[in-house]
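S.K.: First to last, the protein sequences are chains A and B.
1 is the number of the first residue of the first sequence in the numbering used here; add one for each residue after it.
1 is the number of the first residue of the second sequence in the numbering used here; add one for each residue after it.
What the hints contain is simulated information worked out from the structure, not anything from laboratory work.
Every value quoted in this text rests on a predicted model; they were computed, and no experiment measured them.
Even for Gly, the Cβ is constructed at its ideal location relative to N, Cα and C.
Careful, some of the hints might be misleading.
[Unchecked claim] Just some of the chain B residues that point at chain A, by a computed CB distance under 8 Å:
{"hint": "1", "residue": "D43"}
{"hint": "2", "residue": "L138"}
{"hint": "3", "residue": "P141"}
{"hint": "4", "residue": "T154"}
{"hint": "5", "residue": "R155"}
{"hint": "6", "residue": "A225"}
{"hint": "7", "residue": "G362"}
There are 2 protein chains.
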Amino acid sequence: MTQPAWPSSGIGALALTDLLGRWPAAEGPLYRLLATRIARLADTGELPAGLRLPAERDLAAALSVSRNTVSAAYQVLRDEGMAESRQGAGTRIVPHRTTPAAVHRANGFFAGLLSEAVVKADLSLAAVDCAPAVAAALTDPATLLDRAERDALTRTSGYFPYGLPELRSAIASHLTERLGLPASPAQMIVTTGAQQALDLLIRSEVLPGQPVAVEDPTYPGVLDALHRAGATVIGMPAGQGLDPDRLEHVVRTHRPAMVYLIPTYQNPTGLVMPAGPRHRVAAIAAAHPDTLFVDDMTLAELPLRDGPRLPPLAAFGPGQPNLVSVGSLSKLYWGGLRTGWIRGSEGLIARLAAAKAAADQGTAAFQQAIVAALLGGQHEDIVKWRGEWLRTRYDALTSALRASLPAWTWPEPDGGLCLWARLPGDADGSAFAQAALRHGVAVVPGRLLSASNGGASNGGASNGGASNGGASSGGAGFVRLAFTQPPDVLRAAVRSLAAIPAPSR
Amino acid sequence: MTQPAWPSSGIGALALTDLLGRWPAAEGPLYRLLATRIARLADTGELPAGLRLPAERDLAAALSVSRNTVSAAYQVLRDEGMAESRQGAGTRIVPHRTTPAAVHRANGFFAGLLSEAVVKADLSLAAVDCAPAVAAALTDPATLLDRAERDALTRTSGYFPYGLPELRSAIASHLTERLGLPASPAQMIVTTGAQQALDLLIRSEVLPGQPVAVEDPTYPGVLDALHRAGATVIGMPAGQGLDPDRLEHVVRTHRPAMVYLIPTYQNPTGLVMPAGPRHRVAAIAAAHPDTLFVDDMTLAELPLRDGPRLPPLAAFGPGQPNLVSVGSLSKLYWGGLRTGWIRGSEGLIARLAAAKAAADQGTAAFQQAIVAALLGGQHEDIVKWRGEWLRTRYDALTSALRASLPAWTWPEPDGGLCLWARLPGDADGSAFAQAALRHGVAVVPGRLLSASNGGASNGGASNGGASNGGASSGGAGFVRLAFTQPPDVLRAAVRSLAAIPAPSR
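Please model the entire structure based on the sequences and the hints provided.
M.R.: This is the structure:
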């Protein structure tokens, strides 16, 4: 945590491109937008003082803009005292810290959430709108909670670091009865979404510098939390599914503090880990009690086709304390609920609750009662409604892609909210994502989902600042497309994407 | 963060006492309850393998129990394979990790939230029940939000790392119009209570090992977050108010990354920093731009008497980027809302929003709309209602103390929810708190609010395990009493406390 995220030597053009995120999605001349965004990154410490910016021609290629645009942007930065250029030493960020900030890592993945830029079609965020039954419950809680229940709740302090007891019970029953995982309320903690579940696990169980193994590609939010915690991230190829032999080798060799897997509807591929490999993973976990194996079940109730479901990893060793499960209702009910959970041993849950008390003293209480009532009541109806909602969108996106971009390929997903699309030829996902933005479409460049890239922000650093697309740039030829927008928006987005001349890597 | 929180040599009796927290507040023989609680702390990693437990007679004195009770508890631990005793080497925790946990720090302060033990009168948690107007709004949001507003919100993704725009605006107006601090929505981030505000600031702006200066005594939740982040905590005496010369000396000498202050109704003393020292603090901040000065305004709307209000520190330099304000509606509306905020420079807010995206992607969204509507509507009525609620309780507690425990003294608070009570003679707060628990009353031992104690858990460690009450045991002769329980509960609690023979330090 004490190392700067960047070497003083420089940042590569593609790494900077991912950090820049949605810079062109605003009004004004491109060079001005580019300068403003770079200045902002310098202001927030994401680009530290002394950092050498990429050569103009490299950045221009990565951004799919003319070299003149980059030249003019650098000139603006020099004029505003944010940068300086010296013969033979390139252009560097000038020291100008406005706050006592340490050097910060940042992951371009959350740029869509953090930016105020508006795009016509956001295919970058795998977020759903609120299910009607959930919206009705939020609007009129009295339909779900009687007066006695409401009064009992509002007479409490409202602080529940473990979660509201009713919700802990409701989630434990939900896991036991619907998802094939025996669970007791004492094994549960309620979190502010699955993101906080992962962040608490990492803060509590991983020390800076310790190795953590993840699938590559994987959910970019976990990479951000891992990089912030100073973990050493080890990627295991999973574009076509994870090879358990590879996992075993990594666990034996690196003895990671944690292994993070998404066995059901993997993010981004949407694939399911079959029963055989699940047994193998549980056996590897049994042989390595000092490694925590985390099964992220966030997408587990979002199948794209009918058929039998496989039990989560922890069901293969229900009493094994190093098998941990994480989940969320964000993709089924609504992200705005921010309701996630962890199932683990009682000792682990006690440690996590202490960490949560120090982090926020507990998630908002009243809504937990509403969610508990929904889990015990309309859950199956919501699953059915969301399934239809999802398949309509999936069909719209895949049909449009097949019609307009026939050279694109992707593993056929079993479930989830995303396609992991390979661009044709040697097109680069980061450069393509930039071009797409200027056509009003946001997609996630594959590099941001790659562990071997070291996260968006320090990929360039570990590459010594070279703007190469070599061995360390996992996911370079891919983009992640979420199909959570309405079908007509998805179809219009594909038309826009098809109009982009594919940039080369 | 990689050092164990305990030396292998041992833990002091008073440090262990604070960690044990509410162990006697359950059914069963004392020795069994004590053994169970020690075993639990070993299981969660708070007492690491190899740690030497205190000598039986020291722990017995600290817990106000007989030596036989401690002997029997240690015997149970040995019988259950949790401890071993060797001639001349005392009793040690046996290695038995059930999970791959790192060594964990913990602060006994949150024990009340984390424990399921029930006490008759909880004077340890300064938490309020829900204001009736807030409960009504939660139950029937349609009275505050019209259908168009609700629909617009539930059609979004629900992810707002900066906070819901309506609430950012409402809090900015609230600060500007009611609390004397000019603020724009872009300077605001919404957090899950003030605890998360502090945790995000510390995670984002303080590197492990960096010094952070706080008042001594101070809010124990900030000490927990600082210890978890590996900060070096520097306490500045503040039992009678903070001396600005002392602050200036500390800032000059240690160049802390952060200074954390509660100028209005300080927790736990309830004192107000006068106008002169506020000007001085702002001037010190202006002279030290690399130190962040955090003003915790959580209690600022809870005066105990009428009179003019002083503006917050940031109002003395509204454009100064190292003056940061933090606040919460938890003590005025309800803790179960978990609504807090930070006001800072736009660069700082951008960094904090990126940290919040990685921590939880944002606080629950729907309720933010309810809180925004309350801030714009019934706020003044709620302040008035809570003020009466509070003064009734304050009068009940102070009258009862004066009548039944006339030797106790405390600084007369200007506002807030707590008394900082000095015990008569050389009575020790931790030992007294233990005795109080066995009389059904929970209070916070003063040591847990003391920066110079190094937090609950590693005070013993830095003292080399000796159970002394010496120079490093700040707050030893004090307890914090919250007056947030109903008046009759407070009066009964004081009767119970008066029945306790004061243990000596």
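S.K.: Work down the list of hints and note, for each, if the structure agrees.
M.R.: Hints and how they fare:
1. Contact between B:D43 and chain A, as hinted, is supported at the beta carbon level, the nearest pair being about 5 Å apart and thus within 8 Å.
2. A distance limit of 8 Å between C-beta atoms decides the matter here; for B:L138 the minimum to chain A is near 5 Å, and the interface restraint holds.
3. Taking 8 Å as the C-beta contact cut-off toward chain A, the hint placing B:P141 at the interface holds, the least distance being around 6 Å.
4. With a least beta-carbon distance of about 4 Å to chain A, the hint placing B:T154 at the interface is held under the 8 Å criterion.
5. The closest approach between the C-beta of B:R155 and any C-beta of chain A is roughly 5 Å, which is under the 8 Å cut-off, so the hint is satisfied.
6. Hint status for B:A225: holds, given a least beta-carbon distance of 5 Å to chain A, under 8 Å.
7. For B:G362, the interface hint holds, since its Cβ comes within 8 Å of a Cβ in chain A; the closest pair sits about 7 Å apart.
Of the numbered hints listed earlier, not one is contradicted by the structure.
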